[in-house]
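Chains as they are written, first to last, in our numbering: chain W, 1 to 438; chain Z, 1 to 438.
Worth flagging that the hints you see were computed from the coordinates, not collected in a lab. You may find that some hints are simply not true.
Heads up, the list lumps identical chains together, so a pair's fine if it works in one copy or across two of them.
[Claimed, not checked] The list that follows gives simulated cross-link-like pairs (lysine-lysine, DSS-like), each with its CA atoms no further than 25 Å apart: (1) LYS306 / LYS252; (2) LYS41 / LYS343; (3) LYS295 / LYS259; (4) LYS40 / LYS27; (5) LYS259 / LYS353; (6) LYS27 / LYS38; (7) LYS259 / LYS306; (8) LYS306 / LYS295; (9) LYS311 / LYS259; (10) LYS411 / LYS311; (11) LYS156 / LYS353; (12) LYS22 / LYS353; (13) LYS156 / LYS38; (14) LYS41 / LYS417; (15) LYS411 / LYS306; (16) LYS38 / LYS417.
Protein chains: 2
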Amino acid sequence: MDIASANFENVGPFTRAWEWLKALAVKLWAMAVEFANKMKKLGQDDPRRIVHSLKVGVAITLVSLFYYVRQLFDRFGEDGIWAVLTVVLVFEFSVGATLGKGLNRMLATLSAGALAVGVDQVATLFDGTGQPIVLGILAFIISATVTFMRFFPALKARYDYGLMIFILTFCLVSVSSYQDDEVLEMAYERLYTIIICSFIAIIVCICVCPVWIGETLQNQIANNLEKLGNFLEGFGREYFRLSEEGHSTDDKSFLHGYKSVLSFEDKEETMANLARWELWHYRFGFRHPWNRYLKVGTLTRQCAYKLEDLKRYLKCFEIQATPTEFRKEIQVPCIQICSESGKALKELASAIKKMRRSTTVDGHIAKSKIAAEKLNSMLSNSLWENANLREIIPTAAVGLVLIDIVPCTEKIVVSFKELASRARFERMDDRVSPNNDV
Amino acid sequence: MDIASANFENVGPFTRAWEWLKALAVKLWAMAVEFANKMKKLGQDDPRRIVHSLKVGVAITLVSLFYYVRQLFDRFGEDGIWAVLTVVLVFEFSVGATLGKGLNRMLATLSAGALAVGVDQVATLFDGTGQPIVLGILAFIISATVTFMRFFPALKARYDYGLMIFILTFCLVSVSSYQDDEVLEMAYERLYTIIICSFIAIIVCICVCPVWIGETLQNQIANNLEKLGNFLEGFGREYFRLSEEGHSTDDKSFLHGYKSVLSFEDKEETMANLARWELWHYRFGFRHPWNRYLKVGTLTRQCAYKLEDLKRYLKCFEIQATPTEFRKEIQVPCIQICSESGKALKELASAIKKMRRSTTVDGHIAKSKIAAEKLNSMLSNSLWENANLREIIPTAAVGLVLIDIVPCTEKIVVSFKELASRARFERMDDRVSPNNDV
Chain W
1 MDIASANFEN
11 VGPFTRAWEW
21 LKALAVKLWA
31 MAVEFANKMK
41 KLGQDDPRRI
51 VHSLKVGVAI
61 TLVSLFYYVR
71 QLFDRFGEDG
81 IWAVLTVVLV
91 FEFSVGATLG
101 KGLNRMLATL
111 SAGALAVGVD
121 QVATLFDGTG
131 QPIVLGILAF
141 IISATVTFMR
151 FFPALKARYD
161 YGLMIFILTF
171 CLVSVSSYQD
181 DEVLEMAYER
191 LYTIIICSFI
201 AIIVCICVCP
211 VWIGETLQNQ
221 IANNLEKLGN
231 FLEGFGREYF
241 RLSEEGHSTD
251 DKSFLHGYKS
261 VLSFEDKEET
271 MANLARWELW
281 HYRFGFRHPW
291 NRYLKVGTLT
301 RQCAYKLEDL
311 KRYLKCFEIQ
321 ATPTEFRKEI
331 QVPCIQICSE
341 SGKALKELAS
351 AIKKMRRSTT
361 VDGHIAKSKI
371 AAEKLNSMLS
381 NSLWENANLR
391 EIIPTAAVGL
401 VLIDIVPCTE
411 KIVVSFKELA
421 SRARFERMDD
431 RVSPNNDV
Chain Z
1 MDIASANFEN
11 VGPFTRAWEW
21 LKALAVKLWA
31 MAVEFANKMK
41 KLGQDDPRRI
51 VHSLKVGVAI
61 TLVSLFYYVR
71 QLFDRFGEDG
81 IWAVLTVVLV
91 FEFSVGATLG
101 KGLNRMLATL
111 SAGALAVGVD
121 QVATLFDGTG
131 QPIVLGILAF
141 IISATVTFMR
151 FFPALKARYD
161 YGLMIFILTF
171 CLVSVSSYQD
181 DEVLEMAYER
191 LYTIIICSFI
201 AIIVCICVCP
211 VWIGETLQNQ
221 IANNLEKLGN
231 FLEGFGREYF
241 RLSEEGHSTD
251 DKSFLHGYKS
261 VLSFEDKEET
271 MANLARWELW
281 HYRFGFRHPW
291 NRYLKVGTLT
301 RQCAYKLEDL
311 KRYLKCFEIQ
321 ATPTEFRKEI
331 QVPCIQICSE
341 SGKALKELAS
351 AIKKMRRSTT
361 VDGHIAKSKI
371 AAEKLNSMLS
381 NSLWENANLR
391 EIIPTAAVGL
401 VLIDIVPCTE
411 KIVVSFKELA
421 SRARFERMDD
431 RVSPNNDV
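Next comes chain W alone, as it looks inside the complex (with noise of 0.2 Å):
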């Protein structure tokens, strides 16, 4: 804080209250402004978290409403406030999440009010003292157990808040069910309830600017597929670029988009497990085969690994420690190699956006595993006998690596396959391709 600092000795107290005063009115309003800013910059990153606010504030007003106006529809009772409980714990970012809440929600509560209003019915068989010692053993009993259950690996993925709402509401309708005897219809109040107010954030989520987690991660897939085909065709460029003029182009960005890739892992299988709920997308429906995108993920992220060792060689000064003629005799090869198979990669990003199968990917990747054969091969023979051992090395050692990023991206490619034929992605041959220029 510079308001403190301030020189304020040679003044009356007033105007040195003032002094302090206006000091600080200035750092509030400073502080707000880059709130403001934070704020603005939040949205402008992604406009679908405004949107997303607005529809949060459209479902709980619409809730609030129907409570209002329940002079009309009196069957509502006094579980108001369960509704208004539905709309703001099942709304979520996107409609994946939404409906895995909603149907969580939905299903835990119906299953649990029955059985506590089966176990009722057995506390009732006993007497006075006895009725709240059994339901106490009872309660221990499944509440202990559906927690315990929630370690599951399988569960916690895709019912974890099921188990907690299955918890929730059986404790709630049998704890209640010993104060007074409506068991039955308390538990029914609560149950349509909870399913006309999963309903409403159901349908707000998927009628208003819907954000489908399933295109999402088809998406960032694409993309992540694009950043490391951007990284290949750039570093082939680049590095003889830098052997040769010693400098190097100004728009490095390619160079740090693989980084992103390397943290997606917990994400993806976040988003698939999400996606999952999508039933009704109609573009990928029931049955999308969201583990196969998985995979191409997963061996995105290993080819992702191999473009960071290529990253570390790209050193001015050891690039141009390197033998004129070795450089020039691997840099044909090395270059076809990056070529080809950052444009296969770029091809199979499209393609995953398009969702059809791709045509060119096969000659882009036997183009690369000749260039690497020859790369090889080069490697292999002694011409080079008088040059420093350490001077070689790096130069070589970026050869090898791009060699084995050829077996990679063929394996890219042939998850890629299996996913095009799961998801039964429109096939592209018997359409004239509009670039055969003759």
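Chain W is fixed; fit chain Z onto it per the hints.
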């Protein structure tokens, strides 16, 4: 299902049905046994899971009993349901998560309740249809704004749950206020029920076998360092044994340990966020520098990527293709780098676990630096002029990666020292080392 595939063609319908039922029973029994085994394994992997489940059971039973004896403390009113809700929602696996959720819930309820009561006073200025419209507009504005604030990374990390509860409580109190006029009393009741029940959850969580997320994070960081240390020590032996004997040791578990390090990033950040809530832990106390642990963790991960490079070169046929004299020459400094860096990392791991400074680590780093310099000068002279480049490169590349690992280890040591001074780790200088065998 192999039930259908059994051959029942030449028997009567009764026998067939009987056989089918028997097969089904066997199948069901096998599934039940498999499920029980999975459950058992889950418990054996981490017995704290079983303890956690029992703790949740105890907390819920306690709250239920509280509600059963409501006749004695008849101040809970109709809010018994909130009690159960709070315990189920607040109770998490670790102390940090439970404290975070509990404090978030209490603070959010308090502030949102106060705001809602204020808004309610404003709304009473309007009559008839004006009141629900004003309430609706305010609910819309507040829920949309707070939902948008949940996208702020800084708020999302620690206060996401609180912001959700804020919307919830605000809407709940303001919606209910339109129907019954006891808003103040309702807000007050809700607040103290939530406070009491959050405390029940927090106390059970802390007093019965607590799982401190801070301890877990500390152990994880230390274990990751130890895994890298084991890998390095093992790699040095393994690589040159492979080259001489052509086969390797049976126990290769040390070679795979580092892999888990690569995928820990997201979890470490979440853990550090939760650990900040554990203000009362006797070992860490207030303002423990959790960020410093994250930095050590990030550098550990960078080092693990280099180990992945190393592992790629551990292919028998490639190593044996290297000319023997070259391999023999660089063997000594390579093994020295591996063993000294490995020792340094393992020393750091044990220092972090015991929360003390290390006196020996600088020695290991100095020795590994000397070895790296020796290796560097060996690779730079051109002794191996007649060697086949393709044959030499893999082993020389291993040398280059090892030279890279030394500054990487040094960075980890520097960040450990920063951590040690910030967290006031115990000094070891003034003690007489028991290992001084003269």
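Here is how each hint holds up against the structure:
no. : hint            : result
1   : LYS306 / LYS252 : both (18 Å within a copy, 24 Å between copies)
2   : LYS41 / LYS343  : neither (34 Å within a copy, 47 Å between copies)
3   : LYS295 / LYS259 : both (19 Å within a copy, 18 Å between copies)
4   : LYS40 / LYS27   : within (20 Å within a copy, 59 Å between copies)
5   : LYS259 / LYS353 : within (21 Å within a copy, 31 Å between copies)
6   : LYS27 / LYS38   : within (17 Å within a copy, 59 Å between copies)
7   : LYS259 / LYS306 : both (11 Å within a copy, 15 Å between copies)
8   : LYS306 / LYS295 : both (17 Å within a copy, 24 Å between copies)
9   : LYS311 / LYS259 : both (11 Å within a copy, 21 Å between copies)
10  : LYS411 / LYS311 : both (22 Å within a copy, 20 Å between copies)
11  : LYS156 / LYS353 : neither (30 Å within a copy, 31 Å between copies)
12  : LYS22 / LYS353  : neither (56 Å within a copy, 51 Å between copies)
13  : LYS156 / LYS38  : between (35 Å within a copy, 14 Å between copies)
14  : LYS41 / LYS417  : neither (39 Å within a copy, 37 Å between copies)
15  : LYS411 / LYS306 : both (14 Å within a copy, 23 Å between copies)
16  : LYS38 / LYS417  : neither (43 Å within a copy, 35 Å between copies)
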